[in-house]
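Peer 1: Sequence:
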Amino acid sequence: MNPSLHSEVTSRLLRDYAFKQKRSGEKLESGQCPSCGKKTLWAFGSAPWVVRCNRLNHCGAELHIKDLYPDLFESWSDRFQPTPENPKASADAYMRDARGFDLDKVRDWYSQESYYSHELKIGSATIRFPLGADLYWERIIDQAHRFGDRKATFHGSYGGMWWQPPILNLGDAKELWIVEGIFDSIALLHHGIAAVSAMSCINYPALALRGLAEQCAATGKPRPRLVWGLDTDKAGTRYGKRWLKRSREEGWEASIAIPKQAGSKKRDWNDLHQLNKLEAQDISECRYLGDLMAAPSAAEKARLIYRRTSMSQFAFDFDSKLYWFKIDLDALTREMDAVRHAHQHMEEDEIRDEAMLKAGTVTNIATCLPTVLYYQANAATDEAWYYFRVGFPHESEPAKNTFSSAQIASATEFKKRLLGVAPGAFYTGSTGQLDAYLKEQMHRIKSVQTIDFVGYAKEHGCYVYADIAVKGGKLFTLNDEDFFDVGRLSIKTIGGSAGLSINTDLKTLDYGWLELLWRAFGAKAIVALAFWLGSLFAEQIREGEGIKQKSFPFLEVVGEPGAGKSTLIEFLWKLFGRRDYEGFDPSKSSLAARARNFAQVSNLPVVLIEGDRGEDGAKVKGFDWNELKTAYNGRSTRARGVKNAGNETYEPPFRGTVVISQNAEVNASEAVLQRIVHLYFDRAGQTADTFAAARALEQMPVEDVSAFLLSAILKEKDVLRLFAERMPFYQEKLAANPEVKHQRLVKNHAQIMALVDCLTAVMPLPRDYRDAAQTKLVRMAVERQQAIGADHPLVQEFWELYDHIESAEDDNAVLNHARGGDVIAISLRHFEQVANDRRLNLPPLTDLKRVLKTSRARKFIDLRVVNSAINARHNAEQTHAPKRPVTVKCWVFEGRSGNKGA
Numbered sequence: 001m002n003p004s005l006h007s008e009v010t011s012r013l014l015r016d017y018a019f020k021q022k023r024s025g026e027k028l029e030s031g032q033c034p035s036c037g038k039k040t041l042w043a044f045g046s047a048p049w050v051v052r053c054n055r056l057n058h059c060g061a062e063l064h065i066k067d068l069y070p071d072l073f074e075s076w077s078d079r080f081q082p083t084p085e086n087p088k089a090s091a092d093a094y095m096r097d098a099r100g101f102d103l104d105k106v107r108d109w110y111s112q113e114s115y116y117s118h119e120l121k122i123g124s125a126t127i128r129f130p131l132g133a134d135l136y137w138e139r140i141i142d143q144a145h146r147f148g149d150r151k152a153t154f155h156g157s158y159g160g161m162w163w164q165p166p167i168l169n170l171g172d173a174k175e176l177w178i179v180e181g182i183f184d185s186i187a188l189l190h191h192g193i194a195a196v197s198a199m200s201c202i203n204y205p206a207l208a209l210r211g212l213a214e215q216c217a218a219t220g221k222p223r224p225r226l227v228w229g230l231d232t233d234k235a236g237t238r239y240g241k242r243w244l245k246r247s248r249e250e251g252w253e254a255s256i257a258i259p260k261q262a263g264s265k266k267r268d269w270n271d272l273h274q275l276n277k278l279e280a281q282d283i284s285e286c287r288y289l290g291d292l293m294a295a296p297s298a299a300e301k302a303r304l305i306y307r308r309t310s311m312s313q314f315a316f317d318f319d320s321k322l323y324w325f326k327i328d329l330d331a332l333t334r335e336m337d338a339v340r341h342a343h344q345h346m347e348e349d350e351i352r353d354e355a356m357l358k359a360g361t362v363t364n365i366a367t368c369l370p371t372v373l374y375y376q377a378n379a380a381t382d383e384a385w386y387y388f389r390v391g392f393p394h395e396s397e398p399a400k401n402t403f404s405s406a407q408i409a410s411a412t413e414f415k416k417r418l419l420g421v422a423p424g425a426f427y428t429g430s431t432g433q434l435d436a437y438l439k440e441q442m443h444r445i446k447s448v449q450t451i452d453f454v455g456y457a458k459e460h461g462c463y464v465y466a467d468i469a470v471k472g473g474k475l476f477t478l479n480d481e482d483f484f485d486v487g488r489l490s491i492k493t494i495g496g497s498a499g500l501s502i503n504t505d506l507k508t509l510d511y512g513w514l515e516l517l518w519r520a521f522g523a524k525a526i527v528a529l530a531f532w533l534g535s536l537f538a539e540q541i542r543e544g545e546g547i548k549q550k551s552f553p554f555l556e557v558v559g560e561p562g563a564g565k566s567t568l569i570e571f572l573w574k575l576f577g578r579r580d581y582e583g584f585d586p587s588k589s590s591l592a593a594r595a596r597n598f599a600q601v602s603n604l605p606v607v608l609i610e611g612d613r614g615e616d617g618a619k620v621k622g623f624d625w626n627e628l629k630t631a632y633n634g635r636s637t638r639a640r641g642v643k644n645a646g647n648e649t650y651e652p653p654f655r656g657t658v659v660i661s662q663n664a665e666v667n668a669s670e671a672v673l674q675r676i677v678h679l680y681f682d683r684a685g686q687t688a689d690t691f692a693a694a695r696a697l698e699q700m701p702v703e704d705v706s707a708f709l710l711s712a713i714l715k716e717k718d719v720l721r722l723f724a725e726r727m728p729f730y731q732e733k734l735a736a737n738p739e740v741k742h743q744r745l746v747k748n749h750a751q752i753m754a755l756v757d758c759l760t761a762v763m764p765l766p767r768d769y770r771d772a773a774q775t776k777l778v779r780m781a782v783e784r785q786q787a788i789g790a791d792h793p794l795v796q797e798f799w800e801l802y803d804h805i806e807s808a809e810d811d812n813a814v815l816n817h818a819r820g821g822d823v824i825a826i827s828l829r830h831f832e833q834v835a836n837d838r839r840l841n842l843p844p845l846t847d848l849k850r851v852l853k854t855s856r857a858r859k860f861i862d863l864r865v866v867n868s869a870i871n872a873r874h875n876a877e878q879t880h881a882p883k884r885p886v887t888v889k890c891w892v893f894e895g896r897s898g899n900k901g902a
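The sequence shown begins at 1 in the working numbering and counts up by one.
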C-alpha cells in the first residue's frame, strides 16, 4: 500500500472504529464491527486492505477499504499527479491501490490517457489497454460516477476477439479461463491462472478461439480446457451457459466457474483478489458453484451437492423450481455393494455416484423458487418482514414482496402467502422441508434499514425515493433486490412513492419554463419557487449543522378564483415529478387521514387546499388551523398508540413543509398567522400574454421538468452553504425595517429571501427576477405585520355595521343584548334581521362564523346564553305583542372598556 494512502486509511480506521494497534502497528485489533457492534474487528496494520470480524459463526463481516472510504479511490489525478519521470503516475496508483495489482507484473501493459465529455463538460484521466491496431479499451479513473453509466469505453470493434496479458503464452496453457473484464483476467494471473478477457459477456471470442485451435493443431499440442468465468449477474449467467454449450459443440472441453458471492454487493474476480479469496480452496469452491449452475438436470445437481456435502437430505433449486433430495443410507450401502461387485475396477467415487442414483429420490416441492433476500423492520411501529424474490421457470419477471414471521413459520401459511404474492406459485412441501430450506438462507441474513416515508432521512443524511436515492451529492439507483446500497448503508422506503415520478436524465432538463413562469405570475412565482426549493432542504434548515433555524415557515397562496393559484401549484409539483396534483382538502379528511398525509413525506411540501370549508357547530367540524402550530418546528402533528401490550405511542415528526391554497385568507390565532408567508393572487394585470404563458405551463409534460428535483438535491452542499451565508444578511436587513416588528416575521421572510439566492446555485436565475422577488418579500413582510395587527376584513365590516346601527339610537341598544357596558353580546340571526330591515348588507353568516373568533378590536370571549336586555325591554314596552324569549344565544365580546365581566 502506498505510504500516503496507508497513513490516511490507518488514521481513519483508528478514528471510526476505535482500533487498538498491536505489535508496533503490525495488527489492528479490537475495533467495533459495523455489522454486529462487537469489539471484534481486526486488520493487518501494514496493509489494511480488508477489515474482518472475528465472530466467524455469528457475524464474519468482511469489508474492503474501498467500500469503507470510496473517496480515497476516486480522484487519482489529484492525489498522484503525472511527472516527466513518470507520465502515468495516476494510472500506476490506480492499478496498485484501486485494483491491488503488483506493478512489476503489469506496468508495461497500459498507458495513461485522458477523456473529455463535451456533453457534460467534464474530463478525467484514463487507463488504456491496447487491443490491436487502432483498437483499445480505456477506463475512467477520476470520479467515474460523474459520467453516469459510461465508466469505460471502447475504440473500434472487438467482436470475436479477446484481450490477453502480454506475458501469457496460450500454447503452453493446459487450462484457459475466459472472464469478462481485463482487470479480472489480471487478477487471476496474479494467482497463477491463465486468463483472457472477452471484454463483455455477450462477446463470444470466436476469432480468438479459432486462432488458438489452429495454433494447437500446428504445434501438435492439445487444446487447453476452457473455463468460462463470467460474472454472476443475470446476463453473465445466461451467456455463460450459452457459451459453454457452444464451445463444447465446437470441440472444446469446457466448464464454468463463478465468483463466490457474499451479501448483496456483486463481486467479480478482481474483488476476490483484493479480499484474498483466490486461494486453492476458494478456486475449488468457485468451480463447484459453476458446475451447479451448469448441471443439466435436477438429479445431476443433487448428485453434485451430495458428493460435496454428504448430506442425506436437503433442499436445492434447479431451473427456478425448488426440489427436495433424500437418500436412504441403508439402501445406499446395499447399492454400493452391488455396484462394487458388478464393477470391480470402478473407483470408489464412481461407485458412490452410481449407487446414489438408485438410493436417492428427488421430489419437486415448489413450482417456483422463493429466495429470502433480506430482513427489514420498522423500529417505530415494531413491525418486521422478510423480503422474498419468487422466480419462475418461465420468462416472467420474478415477483418480490414481504413475508411476515408467521407466514414463514408453517407450510400452510407460507403456501397461502406465496399464492397471493406470485400468481400460480405453488408450495407442496412440509413445514420441516421449508424450515430446512429457509434456515440455510437466513444464516447471517442481511438487514436493510427502512423508512416509512418518502424523501430525506435525517438520521442517515440521505434522500430516499421509490427508485432513486441521493447522499452527499451522489445518485444511487435501486438494486436488483429493491433497496439502495449507499456506501455502508442499506436502505429503502416502505412508504410508497407519494406519486413522484422523477426523471433521472439531467440532460433533458431545460429551464425554458422559467420565463413562462415569470410572464404568467411575475415575482410571486419566484417567491413560490424559492419556497418549493427550500422544501427540499427543510430538515437541514431546521436542524442542519451550522444552520439550525429550528423552524421553517408556511406558505399561503390565496386570492380570487381564476387568479392562477392552482396552475402555479400544479406546475411546481411537476418540478418534483407529481402529475395533475394540487393538494388535499383537510376539511374533508379525518384526523387520521390528515396525520398520514403529514407523516408520509420528508423535505416535500404538504399542500392543503380549501381548508376553510368547515362550518362552526356542525357535527363534523372543519379543519382547525391550530393543528399546524407544531409542524412549524418539525414536531409531530398527532400521536397515536402503538398496537401492542405496552403503553407506547407513535409520534412521527413533521419532516416536510406546509403550503395553504384557498380563496379566503387563513383565519386563525395570531400564533398561526405569524408562521405564514402570505402570497395574494388576483386577476388584475392578466393579459393574453399571461394567459398564454399559464397555458404553456399547464401543457408542459412532467418528464421535461421533473429532473429539477434531482438536480437540486445533487447540489445539496452548495445550496445549504449559500443559505447559511445569506440568511443572516437578510435577517439583519428585515430587522432594521421599522415597519416589521415581530421577530418571527423577520425570520420567516429572511429564510425565503435567502432561498431566492439559493435558486442561483441550482438554475440560471436572471438578476432582475431575483431582485424583484427580494423586493416583493420585503413588502410581504411589512404587509404581514399590518395584517397581524388588524382584524380580518369581514370582521372589520361587521363592527363598522354594528357601530353604524348602534349610533343611530341615542339611548337604547339595538344589537347588544348584554346588561351593562362591560361586554357586547350579539345574536347573529337578530343582527341579520335588523340589517335586512334597514336594507344594509351584512356579510354571510357562514363566513362570519369562521372569522369572528379572531376579532382583535373587540376580543371574542365565548359563545353563551345571555339574559337579553333588548328582549326584556321589548316585553316591558310592547305588552300586547308576542313575548320574546328571556335568554338568547349570543357571541360575546369584550366591551370598549376591555373588561371581561358578565
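If you are wondering where the hints come from, they were derived from the structure by calculation, not from laboratory data.
One or more of the hints may lead you astray.
Using 30 angstroms as the maximum straight-line C-alpha spacing, the simulated DSBU-like pairs for lysine-lysine come out as follows [said to hold, decoys possible]:
#1 K121 x K105
#2 K151 x K241
#3 K747 x K717
#4 K234 x K321
#5 K548 x K507
#6 K265 x K507
#7 K245 x K358
#8 K548 x K776
#9 K548 x K260
#10 K733 x K715
#11 K174 x K151
#12 K151 x K588
#13 K548 x K265
#14 K241 x K507
#15 K234 x K507
#16 K889 x K588
Peer 1: Run every hint past the structure and note whether it holds.
Peer 2: Quick rundown of the hints versus the structure:
no.: 1; hint: K121 x K105; result: violated (36 angstroms)
no.: 2; hint: K151 x K241; result: holds (27 angstroms)
no.: 3; hint: K747 x K717; result: holds (22 angstroms)
no.: 4; hint: K234 x K321; result: holds (17 angstroms)
no.: 5; hint: K548 x K507; result: violated (34 angstroms)
no.: 6; hint: K265 x K507; result: holds (29 angstroms)
no.: 7; hint: K245 x K358; result: holds (28 angstroms)
no.: 8; hint: K548 x K776; result: holds (26 angstroms)
no.: 9; hint: K548 x K260; result: violated (47 angstroms)
no.: 10; hint: K733 x K715; result: holds (27 angstroms)
no.: 11; hint: K174 x K151; result: violated (34 angstroms)
no.: 12; hint: K151 x K588; result: violated (52 angstroms)
no.: 13; hint: K548 x K265; result: violated (36 angstroms)
no.: 14; hint: K241 x K507; result: violated (38 angstroms)
no.: 15; hint: K234 x K507; result: holds (29 angstroms)
no.: 16; hint: K889 x K588; result: holds (28 angstroms)
The structure does not agree with the numbered hints 1, 5, 9, 11, 12, 13, 14 stated previously, though it agrees with the rest.
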